[in-house]
Amino acid sequence: MMIANRSKERITWMRAREWIEGYLFAGPFLVGFFAFVAFPMLFSIWLMFQKWDLLGEPVFVGFRNIERALTDELALKALYNSAFYTLFAVPIQLVISFTLALALTQAIKLRSIYRAGFYLPIIIPIVATAVVWQRVFHPDFGILNEVLGIFGVPPQNWLLDPNLAKPAFIFMSFWMIGRQMVIFIAGLGNIPVQLMEASQIDGAGKLRSLFTITIPLMTPLIFYNMVIAIINSFQTFVPSLIMTDGGPQNETLFVVLNIYRNGFQFFNMGYASALAWELFVIVVGFTIAQFYVSNKWVYYEA
Amino acid sequence: MSTEIEDLRVLKAATRQQAAAHRSRQATLRRSWLIVLQIIMTLVLITFLGPTLWMVSSSLKARTEIFAIPMVWLPENPQWGNYIQALTLLPFAKFAVNTFVIAGLTVVGTVLSCSIVAYSFSRLRWPGRDFFFALLLGTMMLPEVVTLIPMFIEFRTLGWTKPGTVFGVLPLNFLPITVPYWLALSPLYVFLMRQFFKGIPMELEEAALMDGASRLQILFRIILPLSKPVIATVAVFSFLQSYNDFLQPLIYLNGQDNWTLALGLRAMNDVQQTGQWELLFAASTAVLLPVLLIFIFAQRYFVQGIATTGFGGR
Chain F
1 MMIANRSKER ITWMRAREWI EGYLFAGPFL VGFFAFVAFP MLFSIWLMFQ KWDLLGEPVF
61 VGFRNIERAL TDELALKALY NSAFYTLFAV PIQLVISFTL ALALTQAIKL RSIYRAGFYL
121 PIIIPIVATA VVWQRVFHPD FGILNEVLGI FGVPPQNWLL DPNLAKPAFI FMSFWMIGRQ
181 MVIFIAGLGN IPVQLMEASQ IDGAGKLRSL FTITIPLMTP LIFYNMVIAI INSFQTFVPS
241 LIMTDGGPQN ETLFVVLNIY RNGFQFFNMG YASALAWELF VIVVGFTIAQ FYVSNKWVYY
301 EA
Chain X
1 MSTEIEDLRV LKAATRQQAA AHRSRQATLR RSWLIVLQII MTLVLITFLG PTLWMVSSSL
61 KARTEIFAIP MVWLPENPQW GNYIQALTLL PFAKFAVNTF VIAGLTVVGT VLSCSIVAYS
121 FSRLRWPGRD FFFALLLGTM MLPEVVTLIP MFIEFRTLGW TKPGTVFGVL PLNFLPITVP
181 YWLALSPLYV FLMRQFFKGI PMELEEAALM DGASRLQILF RIILPLSKPV IATVAVFSFL
241 QSYNDFLQPL IYLNGQDNWT LALGLRAMND VQQTGQWELL FAASTAVLLP VLLIFIFAQR
301 YFVQGIATTG FGGR
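Heads up: the sequence lines are chains F and X, in that order. Residue 32 in this note's numbering sits at position 32 of the first sequence, and the numbers go up by one each step. Residue 76 in this note's numbering sits at position 76 of the second sequence, and the numbers go up by one each step.
With the rest of the complex left out, here is chain F (with noise of 0.2 angstroms):
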C-alpha cells in the first residue's frame, strides 16, 4: 500500500515537472507571442483611434482614421493598384512555375542545373533585384528594350509611363517564381507512377493524362502555392519604394508603400494604423474566402 502510494506519489510530481518543463522551454515564443505579436496587435487597434504624430500626445479621434482609410481617394487608389497587381501577376506566375516544374520533372539532361537557375532569383536581395531591374526597364539603355528591339518592337518607357509601369512590375514578378517551382516539382515527384501508367494502358495520350491525373492531383499545391503568392503580392514594397517610388502619377504605390510613408514619412501614426488594418481584414478575408472556394475545385485524397 506503501509502496503503491509513493509511486503515485512519483508519477504525478514527474507529470507536474513535465508540465513546469514544457511552459519553461516554450518560454520563449509564449513570451514572444505576447510582447511581439498580441500586445503589438491591441496597441495597434487603440491607435487606430488615435491622432498621433509621436511628438505630442495622441489625441482621440474616433473613427475618422477608419473613415479616411475607406473614402481617401490615394488609399483607394493603393488599394486598387495592389488589387490589379495580385489579379494578372498570380495566375500567369503559377501557369510558369508549373510548366516549368512539369519540364524539369521530364527526363531532360541537367535538371539540376536548370532548376538552380531558375530559383536563383529568389534568393537575389531584394534590393539588388530592384536596383537591377531599374536599369533593365530604362528607355535606352535597358536590355529589355534592347532584346524587344530585336523582335521589332519600339523602344517602351517602362516605369515612367503611367500606362506601363504596373505591366513592367507584373512582368518582373514572373521572374520570381522559383519558390513555387520548387514546391510543384516536390509535388509531381509524388504522383504514383502507377496511376499515370494506367492511364496510358488505357490509351490516354499525354496531355489527357495531364488533364485528368496530374493537374486534379496537383490541385492541393496549386491552391497552396496561390494562396501564398496572393499574401505575397498584396505586401509587395521593396521595388515600388526603388524602383519608381510610387511614380508615375501614383501608378505603383502599392498598399505597403502607402503605410509606410503615412507611418514613417508623415508620420500619422493613427492613420498607418488604420491603413494597415484594412489591409489585414483584406487579406484576411481573401484567405478563408479562397478556403471556402477551394472545396470546389482542390482535390483531397480521402
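It is worth saying that the hints were derived from the structure and are not from the lab. Ideal Cβ positions, reconstructed from N, Cα and C, are used throughout, including at glycine. You may find that some hints are simply not true.
[To be verified] With a straight-line Cα cutoff of 20 angstroms, these simulated SDA-like cross-link-like pairs (lysine to any residue) come out:
| hint | chain 1 | residue 1 | chain 2 | residue 2 |
| --- | --- | --- | --- | --- |
| 1 | F | LYS51 | X | ARG156 |
| 2 | X | LYS162 | X | GLY255 |
| 3 | F | LYS206 | F | PHE280 |
| 4 | F | LYS166 | F | GLN249 |
| 5 | F | LYS109 | X | ILE46 |
| 6 | F | LYS51 | F | TRP277 |
| 7 | X | LYS94 | X | VAL166 |
| 8 | F | LYS206 | X | LEU29 |
| 9 | F | LYS206 | X | ILE35 |
| 10 | X | LYS162 | F | LEU54 |
| 11 | F | LYS206 | X | THR28 |
| 12 | F | LYS166 | F | VAL193 |
| 13 | F | LYS206 | X | ALA286 |
| 14 | F | LYS206 | X | SER32 |
| 15 | X | LYS198 | F | TYR23 |
| 16 | X | LYS162 | F | GLN265 |
| 17 | F | LYS166 | X | PRO51 |
| 18 | F | LYS8 | X | ILE294 |
| 19 | F | LYS8 | F | LEU24 |
| 20 | F | LYS77 | F | LYS206 |
| 21 | F | LYS166 | F | PRO91 |
| 22 | F | LYS206 | F | LEU76 |
| 23 | X | LYS94 | X | ALA286 |
| 24 | X | LYS162 | F | TYR299 |
| 25 | X | LYS94 | X | THR28 |
| 26 | X | LYS228 | X | ILE294 |
| 27 | F | LYS109 | X | GLN38 |
| 28 | F | LYS206 | X | ILE40 |
| 29 | X | LYS228 | X | ARG123 |
| 30 | F | LYS109 | X | LEU29 |
| 31 | X | LYS162 | X | LEU247 |
| 32 | F | LYS109 | X | TRP33 |
| 33 | F | LYS296 | F | ILE215 |
| 34 | F | LYS109 | X | LEU209 |
| 35 | X | LYS94 | X | LEU175 |
[To be verified] Covered by chain X, per the in silico footprint, the following chain F stretches (three or more residues, Cβ under 8 angstroms):
| hint | segment |
| --- | --- |
| 36 | 34–45 |
| 37 | 101–110 |
| 38 | 117–124 |
| 39 | 134–141 |
| 40 | 236–242 |
Got chain F sorted already, so can you dock chain X onto it with the hints?
Coordinates of chain X only, in the frame set by chain F:
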C-alpha cells in the same frame, strides 16, 4: 496441324516485329521530344538569367560601354577597378560587418530559441500545448505590416531607436531587428524543427531521464546532435532572410554607421540615378556574392526546406 502451328508462329513473329517497330518509333519520338525540350529549357533559362548575367557583365564594363548604342554585351577589357571604386564610394566594409553581425545574431537566436520551443511542442506534455501551437501557426498568416507601426512605437518606448550601444559595442539599433528572433518568432522554423524532433525515438530520451539527465542536457546532447539537417536548413533560411531584409533595417537603422549592405546599395542607387551604372552593378554583384556562395554550398538544404514546408527564399 504442323502448318497451323507454323502459321501461328509466323503471325506471332509479325506481331512482335510490329510491336518492336512501334516501340522504337515511340522511343525516337520521345528522344527527339526530349531534345526539343532541352533546347527550349536552355533558351528559357538564359532568358531567366538574363538580368543577372547582364548585371555581372555590366559590372566589368567601362562607362562608355554601358551607354554605347548599339549595346555592348561583353566588356572588352574587364574593369576590375569598378569593384574597388564602388565599394569605397560608401563605407561598404562597415556595412558588410553590420550585415554579418545582424545576420549572425539572427541565425544564432533563431536556431537556439526555435529548437528549445520546438522541443517543448514536440516532446513534452503540458496543458494548453495544442492551443499555443495553433496560435503559433496562426501567426504565420499575420502580415508583417500589421505590427510594423506598433512595434516601432514599442521599441521607441524601450529606447532602442536612439543612438547608443549595448555593452559598448553593439549598436542599440540592432536590437529591434534581432531580439524578436531570440524569442522564436519564426513559426515556420519551429514547425519544421518540431516535425523533425517528433521522428526521434522517445526511448532515447527516457533512458537519459532514467540516468538523471536534465531536459536541457537531453536537448543539447541527444536531440540537437541528431538534428543537424534541420538545423542547417533553419540556419540557411534565417541567414538569407536577415541578409536580404530591407524594411526592418530601413525603419530602425539610424545613421550611416549602422547601415546594412541593403541600405548602402539603396543609398548608392538614389545618388547614382543617372551616372555611374557600372559602379552600381558592381556593388549589386558584390552584395549578391555571399548569398550565391551559400546557395551553391547549401543547395540541398534549400530544396529540402522548401519541399517540406512550402516556404523559403523571400
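Right, here's what the structure says about each hint:
Simply put, LYS51 (chain F) and ARG156 (chain X) have alpha-carbon atoms about 18 angstroms apart, close enough for the 20 angstroms limit, and the pair holds. A distance of roughly 10 angstroms separates the Cα atoms of LYS162 (chain X) and GLY255 (chain X); the hinted pair therefore holds under the 20 angstroms criterion. Our distance criterion of 20 angstroms between C-alpha atoms is broken by LYS206 (chain F) and PHE280 (chain F), whose separation comes to about 43 angstroms. Only pairs whose Cα atoms come within 20 angstroms are accepted, and LYS166 (chain F) paired with GLN249 (chain F) is accepted, the gap being roughly 11 angstroms.
Of the pairs offered as hints, the one joining LYS109 (chain F) and ILE46 (chain X) holds, with about 16 angstroms between alpha carbons and a cut-off of 20 angstroms not exceeded. Distance restraint check for LYS51 (chain F) and TRP277 (chain F): the Cα-Cα separation of roughly 16 angstroms lies within the 20 angstroms cut-off, and the hinted pair is therefore satisfied. With a CA separation close to 18 angstroms, the supplied pair LYS94 (chain X) and VAL166 (chain X) stays within the 20 angstroms bound. For the hint pairing LYS206 (chain F) with LEU29 (chain X), the CA-to-CA distance comes to about 13 angstroms; that is within 20 angstroms, so the pair holds.
Simply put, LYS206 (chain F) and ILE35 (chain X) have alpha-carbon atoms about 17 angstroms apart, close enough for the 20 angstroms limit, and the pair holds. Straight-line distance between C-alpha atoms of LYS162 (chain X) and LEU54 (chain F) comes to about 14 angstroms, which keeps the hinted pair within the 20 angstroms bound. For the hint linking LYS206 (chain F) to THR28 (chain X), the alpha-carbon distance of about 16 angstroms falls within 20 angstroms, and the restraint holds. As the CA atoms of LYS166 (chain F) and VAL193 (chain F) are separated by approximately 42 angstroms, the hinted pair breaks the 20 angstroms bound.
Proposed proximity of LYS206 (chain F) and ALA286 (chain X) is contradicted: the alpha carbons are some 45 angstroms apart, above 20 angstroms. Distance check on the hinted pair: LYS206 (chain F) and SER32 (chain X) sit about 15 angstroms apart at the alpha-carbon level, within 20 angstroms; holds. Distance hint between LYS198 (chain X) and TYR23 (chain F) is fulfilled; the C-alpha atoms sit about 18 angstroms from each other, no more than 20 angstroms. Our distance criterion of 20 angstroms between C-alpha atoms is met by LYS162 (chain X) and GLN265 (chain F), whose separation comes to about 18 angstroms.
Distance hint between LYS166 (chain F) and PRO51 (chain X) is fulfilled; the C-alpha atoms sit about 19 angstroms from each other, no more than 20 angstroms. For the hint pairing LYS8 (chain F) with ILE294 (chain X), the CA-to-CA distance comes to about 54 angstroms; that exceeds 20 angstroms, so the pair is violated. The hinted pair formed by LYS8 (chain F) and LEU24 (chain F) fails the criterion: a straight-line CA distance of about 24 angstroms is larger than 20 angstroms. Distance check on the hinted pair: LYS77 (chain F) and LYS206 (chain F) sit about 45 angstroms apart at the alpha-carbon level, beyond 20 angstroms; violated.
Straight-line distance between C-alpha atoms of LYS166 (chain F) and PRO91 (chain F) comes to about 16 angstroms, which keeps the hinted pair within the 20 angstroms bound. About 46 angstroms separates the Cα atoms of LYS206 (chain F) and LEU76 (chain F), which puts this hinted pair outside 20 angstroms; it is violated. A hinted pair counts as satisfied when its Cα atoms are at most 20 angstroms apart, and LYS94 (chain X) with ALA286 (chain X) qualifies at roughly 14 angstroms. For the hint pairing LYS162 (chain X) with TYR299 (chain F), the CA-to-CA distance comes to about 53 angstroms; that exceeds 20 angstroms, so the pair is violated.
Restraint check for LYS94 (chain X) and THR28 (chain X): the C-alpha separation of about 59 angstroms exceeds 20 angstroms, so the hint is violated. Restraint check for LYS228 (chain X) and ILE294 (chain X): the C-alpha separation of about 17 angstroms stays at or below 20 angstroms, so the hint holds. Annotation: proposed proximity of LYS109 (chain F) to GLN38 (chain X) holds, straight-line Cα distance about 7 angstroms (limit 20 angstroms). Taking the CA atoms of LYS206 (chain F) and ILE40 (chain X), the gap is near 19 angstroms; set against the 20 angstroms cutoff, the hint holds.
The hinted pair formed by LYS228 (chain X) and ARG123 (chain X) meets the criterion: a straight-line CA distance of about 18 angstroms does not exceed 20 angstroms. Taking the CA atoms of LYS109 (chain F) and LEU29 (chain X), the gap is near 17 angstroms; set against the 20 angstroms cutoff, the hint holds. Proximity of LYS162 (chain X) to LEU247 (chain X) is assessed by CA-CA distance (about 18 angstroms); at most 20 angstroms being required, the pair is judged to hold. A threshold of 20 angstroms between alpha carbons decides the hint, and for LYS109 (chain F) with TRP33 (chain X) the separation of about 13 angstroms falls inside it, so the pair holds.
Distance restraint check for LYS296 (chain F) and ILE215 (chain F): the Cα-Cα separation of roughly 14 angstroms lies within the 20 angstroms cut-off, and the hinted pair is therefore satisfied. Taken as a hint, the LYS109 (chain F) and LEU209 (chain X) pair is broken in the structure, with Cα atoms around 51 angstroms apart against an allowance of 20 angstroms. For the hint linking LYS94 (chain X) to LEU175 (chain X), the alpha-carbon distance of about 18 angstroms falls within 20 angstroms, and the restraint holds. Check result for the segment 34–45 of chain F against chain X: holds, 8 residues qualifying (beta carbon to beta carbon below 8 angstroms, three or more required).
Chain X is given as covering the segment 101–110 of chain F, and this holds because 6 residues of the stretch bring a CB closer than 8 angstroms to a CB of that chain, at least three being needed. Chain X is given as covering the segment 117–124 of chain F, and this holds because 8 residues of the stretch bring a CB closer than 8 angstroms to a CB of that chain, at least three being needed. Residue count for the segment 134–141 of chain F with a Cβ under 8 angstroms from a Cβ of chain X: 5. That meets the three needed, and the coverage hint holds. Evaluation of the coverage hint for the segment 236–242 of chain F: fulfilled, as 3 residues show C-beta separations to chain X shorter than 8 angstroms, against a requirement of three.
Hint violations for this structure: numbers 3, 12, 13, 18, 19, 20, 22, 24, 25, 34, all remaining hints satisfied.
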